[in-house]
Structures are given as structure tokens and as C-alpha cells.
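**Student:** Sequence:
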Amino acid sequence: MLDNLRPRDRHLRRMMLFAVRRHTPSDYPFLFRHAACRTEKDGTTVKNLAAAVHLLQSSTIITDDILDAGSPDCFAGASTII
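Numbering of the sequence shown is given in numbering that gives the first Met the number 0, commencing with residue 0 and proceeding in unit increments.
These are calculated hints, taken from the structure and not from any lab test.
Please note: incorrect hints may appear among the correct ones.
[Said to hold, decoys possible] Computed spacing ranges between beta-carbons, pair by pair:
#, residue 1, residue 2, range
1, ARG37, ASP63, 19 to 27 Å
2, LEU1, LEU66, 16 to 24 Å
3, THR62, ASP26, 16 to 24 Å
4, CYS36, LEU11, 30 to 38 Å
5, ASN47, ASP2, 16 to 24 Å
6, ARG21, THR43, 26 to 34 Å
7, ARG12, ALA34, 33 to 41 Å
8, PHE17, LYS40, 30 to 38 Å
Virtual Cβ for every residue (Gly too), placed ideally from N, Cα, C.
With the sequences and hints as input, model every part of the structure.
**Tutor:** Shown next as C-alpha cells:
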């Protein structure tokens, strides 16, 4: 991941490392791949889409943590959309 970021982007590199260290594995990409594949060969086709869906889901949590320094939501439950 860091190979894709310029060394001059120190702040972005630190944010990405912060996000990756705090990231917990998810079963969604695994389930998505196996739900959408009929053969092993289909897995290669769906792999990027499964990763994109996972990143989209994770990005909202990561963006929230960056903006509020990891503070828990004080207005709603974890799954509530305001």
C-alpha cells in the first residue's frame, strides 16, 4: 500500500497506516465472492468488485474516525444513519 503513496505525502501515509492498523477483517468480501461465483475462475473476475465493496463500506468508518479522532458517535447507535 505504501508503495503507491509518494514519500512526500507524509500525512496521507500516516493516516493510511492508522486506518490499516485499526482495521478489523471482514467476512463480506469472502461472502460476496462466493455468492457471485459459479466456478473458481469467476473469483478472479469478481475479486476487484468485492474489494471495492469492502473499501466503500470501510471508508465511511475510517473517514468518521479521521474527522472525529476516533470518538464514538454520541447521537446514535453504531448502525444508525443520521
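**Student:** Hint by hint, say whether it matches the structure.
**Tutor:** A quick look at each hint next to the structure:
1. ARG37 - ASP63: 19 to 27 Å: violated, 37 Å
2. LEU1 - LEU66: 16 to 24 Å: Holds - the Cβ-Cβ distance for LEU1 and LEU66, about 23 Å, lies within 16 to 24 Å.
3. THR62 - ASP26: 16 to 24 Å: About 22 Å separates the Cβ atoms of THR62 and ASP26, which means 16 to 24 Å holds.
4. CYS36 - LEU11: 30 to 38 Å: holds, 34 Å
5. ASN47 - ASP2: 16 to 24 Å: Once the Cβ atoms are compared, 18 Å apart, the range 16 to 24 Å for ASP2 and ASN47 holds.
6. ARG21 - THR43: 26 to 34 Å: With a Cβ separation near 30 Å, ARG21 and THR43 satisfy 26 to 34 Å, so the hint holds.
7. ARG12 - ALA34: 33 to 41 Å: The hinted range 33 to 41 Å holds for ARG12 and ALA34, with Cβ atoms some 35 Å apart.
8. PHE17 - LYS40: 30 to 38 Å: holds, 37 Å
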